[in-house]
Amino acid sequence: MSESRRTWQDTILPWTTCVAMLAALFMVFVLVPSERDQGIVQRIFYFHVNLAWMAFGGFLLVSCASFWFLRTGSRRADRLAHANAEVGMLYTTLVLVTGPIWARPIWGVWWTWDPRLTMTVVLWAIYASYLMLRRLGGEDDTILRYAAVLGIVGSLDIPLLILAVRLWRGVHPAVMLAKDEDAGLKDPLMGWTLMVSAIALGLLFTWLVSLRARLLEVDEHVAAIHLEGVRT
Amino acid sequence: MWTIVRKDLAIELRTGEMASSMFLLALLMVLIFAFTLEPERLAGPEFLAGLSWTTLLVAGTLALNRSFVLEREAGGLTGLALAPIDRGSIYLGKAIGNFLLLLVAGVVLLPLIAILLGTRGLAPTMVLPLVLLLGVVGIAAIGTLCAAIASRTRAREVLLPILMFPLLAPLLIGATRATAGALVGESAGELQSWLLMLAGFDIVFATSGWLSFDYILEE
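Line by line, the protein sequences are chains A and B. Using my numbering, read the first sequence as starting at 97 and increasing by one per residue. Using my numbering, read the second sequence as starting at 252 and increasing by one per residue.
Just to be clear, a hint being listed does not mean it is correct.
[To be verified] Ranges of calculated distance between the beta carbons of each label pair, as one might list FRET restraints:
1. Leu227(A) to Val309(B): 19 to 27 Å
2. Leu321(B) to Leu227(A): 24 to 32 Å
3. Ser170(A) to Asp337(B): 22 to 30 Å
4. Pro129(A) to Glu297(B): 40 to 48 Å
5. Ile202(A) to Glu297(B): 23 to 31 Å
[Unchecked claim] Coverage of chain A stretches by chain B, computed from C-beta distances (three or more under 8 Å per stretch; other residues unrestricted):
6. 105-113
7. 148-161
8. 167-174
9. 258-264
Just so you know, these hints were derived from the structure itself, not from any lab. C-beta: ideal position from N, C-alpha, C; glycine also.
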């Protein structure tokens with residue numbers, strides 16, 4: 097392991113994330129006009145929507161990395177899947193936190209079983225069970241394969257889940273108001289704000305994943321050294 | 252593959268352990284529902300469908316947990332993995348065994364729950380057995396895979412429901428809606444989209460279990 101390797105992940109990534117995040121915050125809170133009907137609380141959507149997309153995208157990455165791991169047995173792929181699941185879980189949690197903050201003043205309830213909400217909460221549970229398996233699994237390497245299988249099976253579940261909740265709640269339209277997408281088109285600045293915060297959150301996602309993946313790598317080395325120490 | 256099914260069924264028929272404990276647990280759950288939720292309010296197809304699937308799922312978890320723990324205790328899985336057969340066949344054999352057990356449980360439970368909670372206003376159609384079949388196949392497909400994973404970890408029994416329930420979410424939504432529909436006399440045509448979704452679920456997860464079992468049993 098190269099101890100003091102300083103790659104773009106240590107130099108460029110934190111700074112660009114920082115700048116993009118500040119720019120996004122400035123645009124969300126200062127620059128962009130408030131949406132006419134929903135008022136100031138609508139601004140949370142610039143983060144909420146992007147977080148949701150990335151949470152779902154994160155699961156796609158988990159399953160791709162899992163597939164890569166099962167094919168090649170590469171530890172790097174396994175660490176990538178693990179790190180992506182952790183950050184994806186964080187993002188899903190944030191989606192579930194930011195959503196109700198918006199829903200309470202606009203819909204009048206904290207929670208409703210709308211298709212998207214249902215999907216997100218089940219996605220959260222799948223992430224949680226995946227991480228639980230990794231934690232409770234045990235020490236040996238077999239657990240990595242189980243986690244990879246679960247990562248792939250979990251992603252297969254998502255299209256079916258989308259279909260099921262659409263069929264279920266789609267027939268009874270719940271409290272569905274004009275969605276953020278319509279609102280975003282009214283002022284060109286809103287579209288730009290959405291994009292800048294997407295970039296900021298995407299960079300943050302990448303940075304956190306790279307940090308976690310490297311931490312996991314260090315963990316593996318520590319465990320290996322520890323094992324060597326026990327043997328001698 | 253059929254040998255595994257035969258072996259599992261022979262164990263079950265000889266001891267009756269699983270069937271009796273599943274039956275008792277299911278009955279206790281129905282009692283709990285009646286005590287906690289007021290039996291009068293539970294009549295009607297929606298509740299009946301929901302409670303039946305909940306009961307079947309929890310009772311099924313019991314059986315699924317046993318299916319690999321038994322093998323583990325007796326060292327059977329290592330033997331199976333060493334046998335010159337395809338690993339996918341081991342999965343299918345196990346899944347079929349679990350499926351048959353769950354199917355019997357479902358066939359017994361559904362009328363029992365209906366009788367205990369009230370059959371007023373019900374007009375079950377022939378779609379009902381089909382829904383039960385599709386739902387149970389899905390639970391067996393996911394459950395067998397998750398049970399195999401869970402049985403080889405530290406947490407074992409704890410982990411199976413945690414792994415299985417989120418993945419079963421689409422199936423449970425579909426199976427309960429379709430069951431509620433079939434109980435009040437809706438035809439297969441009206442329930443078509445649900446039935447297709449359930450069938451799709453079964454195919455996807457039976458196939459992925461069959462394909463991924465290679466990685467699960469690998470030592």
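Status of each hint after checking the structure:
1. Leu227(A) to Val309(B): 19 to 27 Å: At roughly 24 Å between Cβ atoms, Val309(B) and Leu227(A) fall inside 19 to 27 Å, so the hint holds.
2. Leu321(B) to Leu227(A): 24 to 32 Å: 28 Å, holds
3. Ser170(A) to Asp337(B): 22 to 30 Å: 26 Å, holds
4. Pro129(A) to Glu297(B): 40 to 48 Å: Given a distance of about 46 Å, which is inside 40 to 48 Å, the answer is holds.
5. Ile202(A) to Glu297(B): 23 to 31 Å: Given a distance of about 29 Å, which is inside 23 to 31 Å, the answer is holds.
6. 105-113: violated (count 0)
7. 148-161: violated (count 0)
8. 167-174: violated (count 0)
9. 258-264: Result for this restraint: holds, n = 5.
Going through the hint list in order, the structure does not satisfy hints 6, 7, 8.
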